[in-house]
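Chains as they are written, first to last, in the working numbering: chain B, 1 to 73; chain R, 1 to 73; chain F, 1 to 252; chain H, 1 to 252; chain S, 1 to 359; chain D, 1 to 359; chain A, 1 to 177; chain X, 1 to 177.
Fair warning: there could be bad hints in the mix.
Said to hold, decoys possible - With the C-beta cut set under 10 Å, the calculated list includes, among others, these residues of chain X facing chain D: (1) V34; (2) A66; (3) F161.
By construction, these hints were calculated from the structure, which means they are not laboratory data. Cβ coordinates follow ideal geometry from the N, Cα and C atoms, glycine included.
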Amino acid sequence: MVEVETVTGVRIDKERCKGCELCIGACPKGVLAMSTKINSKGYFYAEAVHPENCIKCGLCAISCPDVAIEVYR
Amino acid sequence: MVEVETVTGVRIDKERCKGCELCIGACPKGVLAMSTKINSKGYFYAEAVHPENCIKCGLCAISCPDVAIEVYR
Amino acid sequence: MSKVVFKRPKALADVVTHYCPGCSHGIVHRIVAECIDELGIQERTVGVAPVGCSVLAYNYFNVDFFEASHGRAPAVATGAKRARPDLIVFAYQGDGDLASIGMAEIVHACNRGEKFTVIFINNTVYGMTGGQMAPTTMPGQVTTTSPYGRDVNQIGWPIRMCELLSSLKTDGFIARTSAHSPAEIIKTKKAIKKAFELQVANRCFTFVEVLSTCPTNWGMMPIQAQKRIEEELLPYYPLGVFKSPNGDASKS
Amino acid sequence: MSKVVFKRPKALADVVTHYCPGCSHGIVHRIVAECIDELGIQERTVGVAPVGCSVLAYNYFNVDFFEASHGRAPAVATGAKRARPDLIVFAYQGDGDLASIGMAEIVHACNRGEKFTVIFINNTVYGMTGGQMAPTTMPGQVTTTSPYGRDVNQIGWPIRMCELLSSLKTDGFIARTSAHSPAEIIKTKKAIKKAFELQVANRCFTFVEVLSTCPTNWGMMPIQAQKRIEEELLPYYPLGVFKSPNGDASKS
Amino acid sequence: MAKVLMKGNEALAEAAIMAGCKLFFGYPITPQNEIPEYLSRRLPQVDGGCYLQAESEVAAANMLYGAAGVGERVLTSSSGPGISLMSEGLSYIAGAQLPVVVVNMVRGGPGLGGILPAQSDYYQATRGLGHGDFRVLVLAPSTVQEAADLVMDAFDLADKYRSPVMVLGDGLIGQMMEPVEFKKKEKVELPPKTWAATGYKGDRERSIINSLYLDPLELEENSWRLKARYDAMGRDELRWELTNCEGDYDVLITAYGSTARICKTVIETLKKQGISVGLFRPITLFPYPYKQLRDAAQKAKTVFCVEMSTGQMLDDVKLALEGSRPTQFYGRTGGIIPTPDEIIGQIEKILKGEEVDKR
Amino acid sequence: MAKVLMKGNEALAEAAIMAGCKLFFGYPITPQNEIPEYLSRRLPQVDGGCYLQAESEVAAANMLYGAAGVGERVLTSSSGPGISLMSEGLSYIAGAQLPVVVVNMVRGGPGLGGILPAQSDYYQATRGLGHGDFRVLVLAPSTVQEAADLVMDAFDLADKYRSPVMVLGDGLIGQMMEPVEFKKKEKVELPPKTWAATGYKGDRERSIINSLYLDPLELEENSWRLKARYDAMGRDELRWELTNCEGDYDVLITAYGSTARICKTVIETLKKQGISVGLFRPITLFPYPYKQLRDAAQKAKTVFCVEMSTGQMLDDVKLALEGSRPTQFYGRTGGIIPTPDEIIGQIEKILKGEEVDKR
Amino acid sequence: MTTELIVAGFGGQGVLLFGKFLALSGLKEEKEVVWIPSYGPEMRGGTCNCTVVVSDDPIGSPIIDAPNTVVVMNKPSLTKFGPRVSSDGLLLINSSLIDTTSDRTDIKIETVPANEIALELGNGRAANMVALGAYIALTKAVKFDTVLDVIRESFAKKKEFIDLNLAAAKRGYELAS
Amino acid sequence: MTTELIVAGFGGQGVLLFGKFLALSGLKEEKEVVWIPSYGPEMRGGTCNCTVVVSDDPIGSPIIDAPNTVVVMNKPSLTKFGPRVSSDGLLLINSSLIDTTSDRTDIKIETVPANEIALELGNGRAANMVALGAYIALTKAVKFDTVLDVIRESFAKKKEFIDLNLAAAKRGYELAS
Ligand SMILES: Cc1ncc(C[n+]2csc(CCOP(=O)(O)OP(=O)(O)O)c2C)c(N)n1
Ligand SMILES: Cc1ncc(C[n+]2csc(CCOP(=O)(O)OP(=O)(O)O)c2C)c(N)n1
Ligand code: SF4
Ligand code: SF4
Ligand code: SF4
Ligand code: SF4
Ligand code: SF4
Ligand code: SF4
Ligand SMILES: [Mg+2]
Ligand SMILES: [Mg+2]
């Protein structure tokens with residue numbers, strides 16, 4: 001089965017995010033930042049604020065303890 | 001208290017001896033051998049058959065698991 | 001049509017974990033699940049969860065699981081693997097679980113050369129019960145049961161399990177990695193993958209220690225906790241492969 | 001008037017032991033008693049007997065004694081010494097006791113740097129219960145529970161406790177000696193004396209492993225059993241001081 | 001001393017120190033962690049005091065053995081799985097006649113179970129703590145104040161009978177805060193510990209702390225010696241509490257610890273409805289106040305045993321009654337604390353002559 | 001099959017293999033060493049068989065957990081101290097509903113005690129094997145043949161109830177040789193082990209072998225599920241034997257295992273003197289045949305409980321009788337086996353209306 | 001008089017301290033008190049609550065099915081504990097974080113914007129004290145002065161907190177009076 | 001008929017085998033049998049004994065206070081078990097190692113120089129079989145031929161022992177017949 005996806009770049013599931021900020025520290029391109037809003041669990045969550053800079057390296061994703069990030073090229 | 005003893009050489013308590021023969025193997029001078037008699041526990045016991053050869057080295061005594069041997073100079 | 005750079009592995013259950021924000025447990029779970037996927041062993045893999053924060057690991061993987069008693073995961077894994085040598089068995093243990101109460105079981109499983117994989121999460125503290133001292137707690141570290149800091153003159157130095165287990169003669173794969181940065185996470189993946197591969201090849205006992213954070217009980221933000229690993233833990237807990245099975249290329 | 005070259009030590013009770021003819025236990029008992037005499041510590045020495053052939057050690061020394069549960073002598077000694085640091089405490093353990101069921105207790109006592117002395121009688125077998133396999137049993141050795149000989153591919157290599165314990169960072173004195181010849185018995189005495197001296201000086205955890213015979217369960221005459229140590233055991237269990245406390249002269 | 005607001009676990013820990021406890025060996029487990037945590041702060045401040053986290057509960061029990069054997073007062077505490085791991089060690093301690101105090105803050109079982117309050121270790125505490133012919137004196141507090149008081153008594157009782165004493169609480173007793181007053185206890189006359197292994201100086205027999213008796217006659221002797229102590233406890237140490245047992249009642253509730261507190265609310269509530277129900281609360285679970293329960297039951301038509309278990313104390317209730325009164329049982333377990341309302345519901349059934357709910 | 005002369009320990013080990021037991025995990029301890037020794041020879045000859053000496057009884061119990069959890073038949077055996085060390089593990093096994101068979105060849109306790117035959121682990125076996133609301137089915141053989149037979153049944157019962165089953169022998173049963181015949185058992189219909197953790201292939205729920213239930217309602221549910229099984233055992237699995245209970249008797253002896261054998265000689269001897277005494281021998285100790293004992297007791301004036309302990313089964317005897325008959329107790333313990341003559345002496349006292357010797 | 005309280009919220013909102021201060025105040029007034037925390041699995045990252053009983057008479061069951069007062073500091077707590085208030089009881093809602101209410105008509109429902117007020121006073125973490133002040137005003141479970149004393153004593157070692165928390169409690173008290 | 005036997009001696013004298021052969025013979029003759037070793041502390045380096053019961057009826061107590069036959073292979077065993085022979089019972093003494101006897105008058109006392117005979121036959125370790133032969137001659141507990149069969153079968157794998165042991169048993173049997 002070939003994975004067919006229409007998105008590219010980083011996709012963050014904000015409901016899974018616990019706001020640990022590890023992805024932000026991991027991103028070499030400053031793509032990510034914390035939202036000022038909270039999700040339904042009460043956590044501030046991570047967002048791609050500069051998606052245009054994303055080099056799809058996946059470092060954010062492998063750093064996320066909650067596997068809230070997917071990355072597509 | 002100064003130990004005063006009248007014997008010299010090796011003294012084997014035959015009732016303590018279990019006949020393991022380790023002392024015999026340990027003696028560099030062939031002083032010891034097994035008796036052909038058994039003690040009250042049923043063991044053949046070690047005897048000094050050549051006490052005249054004893055150099056009082058104490059090796060027999062430190063080899064005896066049953067601390068059946070005393071050595072005096 | 002886009003290419004997947006990173007996607008949730010299939011062997012990881014699609015649920016939200018109970019772990020605190022930034023806790024390394026989640027990262028290592030993901031890595032283990034990826035290895036299971038990549039080796040195509042999901043249908044014959046059985047996990048053994050410890051008593052510790054990862055006690056609920058059985059809810060987080062799409063494989064059959066045991067929940068073991070505290071410290072005894074290696075014995076449970078031994079029972080399972082001896083009974084069904086065709087299964088791929090891994091035990092997942094914390095430092096209180098493995099290095100304190102479970103010391104005898106891990107040493108003996110390693111020494112017998114039991115052919116399963118142990119993932120050892122060393123976060124220098126008893127996470128689940130609220131931050132008590134572990135055998136791995138660093139000198140001077142304040143915990144709820146070392147309120148004046150761990151005093152090595154009174155209770156000795158932190159135990160380094162890789163060094164201890166490597167002192168045994170029986171063949172094995174023993175490595176220490178860390179979860180404190182993307183680069184180290186990648187290396188952790190490599191080590192864990194290697195461990196599973198060796199198990200699949202029925203080679204030897206395999207053991208990967210991962211230096212991990214417990215932001216909650218360290219009283220730190222997750223990023224600060226990762227820094228602590230780098231600055232405080234690494235000098236005492238060196239990373240690397242401590243032992244590889246005889247004739248193995250990656251032998252250090 | 002004659003000079004005493006060798007006489008029964010005072011700290012050794014004047015009774016006949018239950019040990020089999022030629023068993024090393026008796027030799028090591030005598031050595032321990034001599035050390036107690038020579039250091040003048042009889043009145044403040046407390047022993048801890050294991051479960052094993054030396055379970056009745058409490059009858060053989062003229063000092064107060066504990067009989068511990070199987071494998072837990074180091075925990076009992078820890079309790080006693082922590083409660084009364086002025087006492088000189090020694091534990092006397094067999095290889096089944098110390099290296100199998102008691103693995104966690106000995107590793108942790110050693111790692112905490114508990115300031116007592118452990119005498120470890122390694123005779124590669126469970127003596128008391130009738131010759132079952134121990135973790136220290138040699139490869140190929142036939143015992144009542146390894147009827148086809150110890151298979152290292154199935155259950156691993158014999159555990160070398162000195163090597164294992166020496167891998168810990170905490171200060172300690174760790175040595176292996178043997179009871180298979182007068183020369184080695186003399187060295188054993190030296191090592192045990194050193195251990196007690198270090199304890200008297202309140203320095204560190206002290207541990208002396210003595211390679212010992214079990215003529216009965218080895219099915220050998222005592223002299224033959226001593227040969228076995230020399231020929232079979234020594235190549236695998238090297239003798240020597242594995243660890244000395246920091247700044248100690250005899251450090252190897 | 002003024003009353004202070006404290007968690008049961010902490011009150012109990014402080015009480016141990018006041019009772020002269022010098023050493024604590026234990027291993028973390030919920031819901032008793034406040035005990036080791038408190039003592040890790042406090043014991044180093046005590047002269048000769050030592051807090052040591054053991055590598056396991058197995059080791060902890062054996063450290064107790066060592067410390068008690070040299071004559072010091074020593075405490076451990078644990079819950080469910082940890083107490084099971086102490087089983088062998090406690091059997092040795094009992095066999096060697098050593099005084100130690102063990103706190104069990106019971107949580108739901110079996111196995112890892114849960115961490116919420118339960119009373120499902122009653123059998124283990126009163127009968128099966130380990131192999132061999134031995135028992136331990138079991139004290140069951142139902143308030144924080146009582147937990148503190150009983151711990152102090154526990155040390156004296158342990159010394160008096162040279163026996164382990166268990167304080168059997170539960171997660172609720174351990175976790176809740178109530179006002180507690182640390183009363184200076186009058187000193188109890190206790191025999192000197194001449195048996196302790198403190199170094200043989202020739203002025204007494206050698207002290208050997210031991211449970212091995214290869215001669216079966218000696219081992220039997222030891223067992224009957226222990227049995228005689230248990231019988232003496234049964235004469236001299238029974239403790240129990242009667243509530244609302246002055247007048248008449250159709251139903252006598254038996255319950256201990258936390259459950260008994262809840263039953264007190266039941267009694268108050270029913271009293272307002274004009275229904276009189278009595279409560280028999282055993283405080284010593286071993287020895288069990290059999291005769292006292294039997295006496296109290298004579299006014300009742302039915303004895304109603306309420307526990308946070310599937311029914312364990314029920315055996316002792318039946319042993320007390322010897323068939324003289326019918327019993328009914330209601331239990332919640334696994335961490336569920338029965339509410340006054342649900343117990344009242346069951347009592348209403350009993351009063352109507354119905355069977356209570358089986359679960 | 002022809003009868004062969006075998007030690008109880010060996011007969012039992014062979015019976016386990018015949019019952020399909022594939023794995024043994026254990027640790028040496030007297031008086032059961034012939035079991036591991038025998039199986040270390042035999043299991044490697046069995047297809048899929050594995051004998052492994054565990055590093056301790058703690059580990060052994062957890063290896064059982066692992067092997068039973070993947071669906072294989074597995075055995076351990078031990079005695080006194082070793083059984084106590086399995087306490088936590090057995091509680092987990094019970095909580096996780098795993099079928100395992102445990103042999104306890106009881107020796108004298110508490111502590112290290114002695115190695116001669118005793119029955120002083122009755123409380124532990126029937127009530128306090130570990131923490132939490134659980135029991136294990138306990139089978140008590142009194143001959144070598146019965147030991148072999150009961151071990152075979154034990155594996156079936158374990159699978160049927162998804163519960164640990166204990167075969168409670170003693171040093172005598174283990175060490176003595178008697179003729180034994182290994183009867184081919186008819187195959188019992190047993191539910192498939194769909195719950196086993198054998199790899200998740202998507203064709204069933206994931207198998208999780210577990211005793212943790214963080215939700216107290218679920219933990220309670222598990223406890224009542226277990227309780228329901230114990231109740232079912234109490235209906236369907238009771239075993240007992242009556243000897244000389246056809247006619248009249250003033251005294252009914254209750255005894256199990258080795259002690260019951262000895263009492264049979266007592267009965268034969270007294271019969272010759274014209275004195276008729278009955279014997280009630282429970283074979284299942286849990287569940288206990290309460291009603292059957294009570295019925296048998298109705299002909300007797302006194303029920304006389306004989307044990308190799310200071311009095312443990314006595315509780316169950318009293319629970320059975322509910323005060324309907326007076327009881328007397330005689331016990332030897334610590335490795336002493338009561339002789340027929342001394343028991344006869346006690347019965348003579350009972351017949352004279354006297355109290356039996358307290359020890 | 002017997003006051004039964006459940007106060008519930010996120011971990012970190014200080015609900016255990018709210019409860020403890022009420023219990024300490026009761027003790028100071030020589031009443032019978034008991035405080036029980038929720039402990040267990042739900043703690044980690046989840047909700048948190050405690051039960052407090054303050055009474056003139058000895059306290060039997062410390063487990064309260066239907067408390068006569070409930071304070072909820074976040075939404076999940078409202079869902080969980082709102083229905084448990086006894087008839088004629090009081091439900092106090094932290095309107096800063098809860099935008100809904102209970103539809104019960106048999107109880108008294110009050111709100112207090114605890115976080116907002118605390119933020120106004122300079123530190124959002126004092127929201128619990130705002131709520132405590134309001135709670136005392138509404139229930140008179142203990143004397144407000146006693147509560148203020150307890151606050152002073154409890155923060156004795158962290159003087160910087162005293163003023164903030166006193167102010168927060170006072171604002172809450174005033175608002176609800 | 002019920003034969004109760006205690007046979008006792010040093011460890012290594014083969015008393016357990018003596019007992020086992022009797023039990024096997026009983027089994028071969030389809031009688032009820034039980035064999036119980038002494039086990040325990042007294043074993044190591046000490047004395048050793050076993051109890052055997054051979055009976056036409058089911059065996060109740062396997063523990064025999066006062067056996068009707070006792071065989072003692074060494075002196076400590078005579079001291080320990082001599083007094084336990086039941087009245088009218090048989091005490092068989094290995095006179096090779098025991099120079100005294102029992103002063104009991106209510107029992108039959110016989111002797112056999114078991115070690116000497118065994119040594120004559122070439123191996124002192126067959127003393128137990130000499131004694132067994134003598135015992136069978138004296139008690140007729142089982143048929144002697146059965147015993148000989150049992151010896152043959154038991155040593156089937158060690159043929160070299162068969163002849164020695166058969167000869168020893170026969171000599172013992174003859175001597176005592
Ligand atoms: C026998 C036993 N003792 C103690 C406990 C309590 N307990 C649960 S988790 C835990 C510590 C876990 O620490 P660790 O293994 O380091 O895992 P982490 O939570 O840090 O991941 C303890 C002591 C238990 N469940 N069972
Ligand atoms: C918990 C427990 N398990 C098992 C035993 C039985 N046991 C007694 S001694 C012994 C082995 C002793 O061997 P080792 O320690 O090597 O001492 P040795 O007799 O060889 O000197 C065992 C397993 C026991 N007493 N307690
Ligand atoms: S994929 Fe790389 S560049 Fe893109 S957001 Fe993640 S870490 Fe940053
Ligand atoms: S790493 Fe994951 S959980 Fe943490 S902030 Fe980023 S997306 Fe959220
Ligand atoms: S003292 Fe030396 S020379 Fe003399 S007998 Fe002993 S070993 Fe031989
Ligand atoms: S070493 Fe001792 S026991 Fe052995 S033969 Fe010599 S004297 Fe006897
Ligand atoms: S307590 Fe620590 S180890 Fe446990 S989940 Fe939280 S951060 Fe992770
Ligand atoms: S069995 Fe072995 S260890 Fe034990 S006393 Fe005999 S020779 Fe020594
Ligand atoms: Mg940890
Ligand atoms: Mg050994």
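So, as I understand it, the hint says X:A66 touches chain D; can you test that by seeing if any CB pair is closer than 10 Å? Constraint on X:A66 satisfied, holds at 8 Å.
Just to be careful: measuring from the Cβ of X:F161 to every Cβ in chain D, is the smallest value less than 10 Å? 19 Å, violated
Interface hint status, X:V34 versus chain D (Cβ within 10 Å): 5 Å, holds
Taken one by one, the earlier hints fail for this structure only at number 3.
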